[in-house]
Amino acid sequence: MGDRLQGVALELIFDFDGTITTEDTIASLVEAAMVFHVDRGSATSSGMTSAWKRIEQSYAQDLINHQKTYVAPDGTPPETPAGIAMARLWPIKRLESPTHIMVDRFSGRQRRHVELASLARIKDEGLFRGVWPEYLLSAGLLDRLHSRVRIREGFESFFTQASQQDHNMHVLSINWSADYIKGVLDNCDMTSIIANKTNPEDGSISATGAFEECVRRGLWPEVLTVANDKLMALRSLYWRRKLLMPDKDLQFVYFGDSTTDVECFAEVGGVVISNDEGSSLLSVLRQDLNYHVPHVSMWEEGGFVCWARNFSELLQYDYLARRAVAAETSVKQSGLVGL
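Position 333 (the sequence shown) corresponds to 333 in the UniProt record's numbering; numbering is contiguous.
If you're looking for bench data, these hints aren't it; they were derived computationally from the structure.
Each residue gets a CB set at the ideal place from its N, CA and C atoms; glycine is no exception.
Hints should not be assumed to be uniformly reliable.
In silico DSS-like cross-links for lysine-lysine, where the CA-CA straight-line distance does not exceed 25 Å [claimed, not checked]:
id : residue 1 : residue 2
1  : LYS332    : LYS248
2  : LYS53     : LYS123
3  : LYS182    : LYS123
4  : LYS53     : LYS68
5  : LYS332    : LYS242
Restraint-style ranges between C-beta atoms, simulated for each label pair [claimed, not checked]:
id : residue 1 : residue 2 : range
6  : HIS292    : ASP202    : 41 to 51 Å
7  : SER50     : GLU301    : 53 to 63 Å
8  : SER42     : HIS295    : 42 to 52 Å
9  : ASP247    : ALA27     : 38 to 48 Å
10 : ASP202    : SER58     : 17 to 27 Å
11 : SER42     : SER206    : 21 to 31 Å
Assemble the whole structure, with the sequences as input and the hints as a guide.
Here it is, written out as structure tokens:
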């Protein structure tokens, strides 16, 4: 499997928090920003702690209010600019088609205003104002080295195997700092890291413009906050990669752990990373969307989604090689190879 597949480009897309890492890293990122201000005398420890507590409390209350007012979609055409843009950005080839109204429950479209309000508060409190990107990169590296952020078992070996098999790998995350992620993954040379970035000038948080030259204006989310934003970014990444490899059958494999990933799984399939079978994401895929999601030990080539506790299990059951063979087989059966 050392040679690149003939006619097939298999690319791996990883969520970051809770997938590559064992837990969410936002608290560690916030702590790094707070330490930055305190060490430089621009704020006191108690002042930063109080500011963060206000942000958390307001966010929690907004979520409660949102849950009281959520309205299920009625299937009418999108009217917002973002919704219209999504309609123009063609979906990636699917193996299954879930009920869109069901998916909307988990897409976060209606919850997006809650996330945007929280990001506005973060800007107003100045949490990331003055914090330069290099500092956040260094903070991510130190947090991993000191085990304040832990990488999920087997990930580095899985990354090495994928690199040896010449697969491109990307991170797609709603994390607030792509620079922090780069620091944590300092020893993993990702093809791209797609996440938000903090602006040291005003403390705002927005999505990276990494694909502006290849994606039509309006199709890239201004900020990555909810599942639907990740889907927009996934589609943008797909069509950008397709431009770079027009003669290849491009197949994405997604790795994620939470309901924020549900639309990406519905789009391309992949591997749910979960400590056990009780995760919310597994429940949504199995019970709400009626997907068959076996453990990787029971996964059969051609299956849309499976789950694993960690990347060591994926190595143990030779998932990557089997998935690559399945991709090549599907292309041959469709008659794309050799045409």
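Hint by hint, here is what the structure shows:
no. : hint                        : in the structure
1   : LYS332 x LYS248             : holds, 12 Å
2   : LYS53 x LYS123              : holds, 14 Å
3   : LYS182 x LYS123             : holds, 22 Å
4   : LYS53 x LYS68               : holds, 23 Å
5   : LYS332 x LYS242             : holds, 19 Å
6   : HIS292 x ASP202: 41 to 51 Å : holds, 47 Å
7   : SER50 x GLU301: 53 to 63 Å  : holds, 55 Å
8   : SER42 x HIS295: 42 to 52 Å  : holds, 50 Å
9   : ASP247 x ALA27: 38 to 48 Å  : holds, 45 Å
10  : ASP202 x SER58: 17 to 27 Å  : holds, 20 Å
11  : SER42 x SER206: 21 to 31 Å  : holds, 22 Å
Hint compliance for this structure: every hint is met.
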